[in-house]
Amino acid sequence: MSIKLEHVNYIYSPGTAYEIHALKDVSLEIGEGQFIGLIGHTGSGKSTLVQHLNGLVKATSGHIYFHGEDIYSPGYDMRRLRSRVGLVFQYPEHQLFEIDVFTDVCFGPKNLGLTQKEVQLRAFEALRQVGFPEEYFYQSPFDLSGGQKRRAAIAGVLAMRPEVLILDEPTAGLDPRGRDEILDQIAKLKRETGITVVLVSHSMEDIARYVDRIIVMNRGSVMFDDIPRKVFGHVKELEAVGLAAPQVTYIMQALRDKGMAVHTDVTTLEEAEREILKALGK
Amino acid sequence: MLRDITLGQYYQAESVIHRLDPRVKLVGTILYIISLFLFDHFTGYVAAAVFLIIVIRLSGVPFRYMVKGMKAIVFLLLLTMVFNLFLTPGETLVQFWKLTITKEGLRIAIFMAIRLTFLIIGSSLMTLTTTPNNLTDGMEKLMNPLKKVKVPVHEIAMMMSIALRFIPILMEETDKIMKAQIARGADFESGNIVKKAKALVPLLVPLFVSAFRRANDLAMAMEARCYQGGEGRTKMKPLQYKKRDFLAYAYLGCYVGIVLLIRKIGILP
Chain A
1 MSIKLEHVNY IYSPGTAYEI HALKDVSLEI GEGQFIGLIG HTGSGKSTLV
51 QHLNGLVKAT SGHIYFHGED IYSPGYDMRR LRSRVGLVFQ YPEHQLFEID
101 VFTDVCFGPK NLGLTQKEVQ LRAFEALRQV GFPEEYFYQS PFDLSGGQKR
151 RAAIAGVLAM RPEVLILDEP TAGLDPRGRD EILDQIAKLK RETGITVVLV
201 SHSMEDIARY VDRIIVMNRG SVMFDDIPRK VFGHVKELEA VGLAAPQVTY
251 IMQALRDKGM AVHTDVTTLE EAEREILKAL GK
Chain B
1001 MLRDITLGQY YQAESVIHRL DPRVKLVGTI LYIISLFLFD HFTGYVAAAV
1051 FLIIVIRLSG VPFRYMVKGM KAIVFLLLLT MVFNLFLTPG ETLVQFWKLT
1101 ITKEGLRIAI FMAIRLTFLI IGSSLMTLTT TPNNLTDGME KLMNPLKKVK
1151 VPVHEIAMMM SIALRFIPIL MEETDKIMKA QIARGADFES GNIVKKAKAL
1201 VPLLVPLFVS AFRRANDLAM AMEARCYQGG EGRTKMKPLQ YKKRDFLAYA
1251 YLGCYVGIVL LIRKIGILP
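Those protein sequence lines, which keep their order, are chains A and B. According to the numbering used here, the stretch in the first sequence is residues 1 to 282, in order. According to the numbering used here, the stretch in the second sequence is residues 1001 to 1269, in order.
Mixed in with the good hints, there may be bad ones.
To be verified - 25 Å max Cα-Cα, derived SDA-like pairs, lysine to any residue:
(1) B:K1179 with A:L183
(2) B:K1176 with A:R179
(3) B:K1179 with A:S2
None of these hints come from the bench; they were simulated from the model. Quick caveat, the model's predicted, so the values are computed rather than measured.
Work out the full structure: start from the sequences and follow the hints.
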């Protein structure tokens, strides 16, 4: 296992009128090489949770272990943890600051104290991994399109070669095409490098196609933690907390209600197609 | 990390002070601050303290909350005290090594500490009980006569209210960018001053970019709603003096009277 949380609680501004219990007794494990979707409504605590995973926010109580080591034990090297658990924030393009894209991507590995050659090698590799076009490498990051900016920012984290990559709403504010491109690129990266990926989102539709495990957060607690088809079986409960199953799940349920002999636990279009053809006897 | 700064933030409560016209509070605060610098003996500060305590009790803001906000300026306070204590010439009280504490120095240091503390509590009491919008409204109204001498009063008030509105937004943004850069291995804490200043570049550049972007968006949104300066602009809730405001002015007048009286006769040294 790579990251393990035990009874983690987090409270914002304790003891004041603005006190918020953001995480309530969260225990979970993130295994090596998993592709996890973390889903929840706005304010469910998902962003707070991922900031715990690389030690940016310290839990009010509870323990977090990375490769079996307690990250809150005295003398634990937080900076090393942050290079191994890469966190891409929401709207990551807002963190770009250098004169050109390549130099900006170099920022992360440079902070690790690597040689200049190694730094540039990693930056180059990271930009390739996110599919960033080579002709824009030396452009100012502020002149790029939204989708390209986001790729550059993700590359900035990838260049540190983390073992776990966490992306907080990587598709927020992108058009449908940009969204699919980014998600496909992440799935491809996952396939090629075997990196552990945690994808934070509030849209089931986005992540159902890609992940092999879904964690649903509600009001600071873990509500479901299972493989996608099992999670989507709880359509009613999901709707009650402002989430929804993917559209295909609804179609399959409607078909079965109309008397068609189909399984309803499909999560992708391809599976649905096969299931319907089978039911029609073709 | 930044959300703990309470100095000068509006505190929601139901109280007489909250309901007062912002103009009364502005005038009161200014008079109060001036009065603090008029005294040159302790009796005056007793009057100032009594006045302040009454207003605090009326405001419904917990005293603890105010003191918490004061933490940020304790350092400034101590620094002023130390400078006054050691650098005022006069009759020597204590002397060790090259440092001398004089009688006058001690007196001024204590006065300064009291003055600053009262000044900060007094003025934060105004911002604690007045929403930024109300405050700028009051300021605009008070400065209205200056329009005659071509002072862009409305524009100044608008700029102020926008600036105040943006403080929490930019603070949140700073927090976010800081975290994002720390996640990329940035180090804001260690190293000497030059290194620390250099480490701020990855924070400041995105912050400026974001501030400009927001300003641009806001300007666009204002223009889309036909904003064109103060000419002919009316208010949804125009400021109007009520009975309690006149009463407050009367109390304020009493305070100023007492202050002047104390200054004139100067009971006790």
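Going through the hints against the structure:
1. For the given pair, B:K1179 sits about 24 Å from A:L183 by alpha-carbon distance, which is consistent with the 25 Å threshold.
2. A C-alpha spacing of about 23 Å is found between B:K1176 and A:R179, which places the hinted pair at or below 25 Å, so the restraint holds.
3. Between B:K1179 and A:S2 the CA atoms are separated by roughly 22 Å; this keeps the pair inside 25 Å, and the hint holds.
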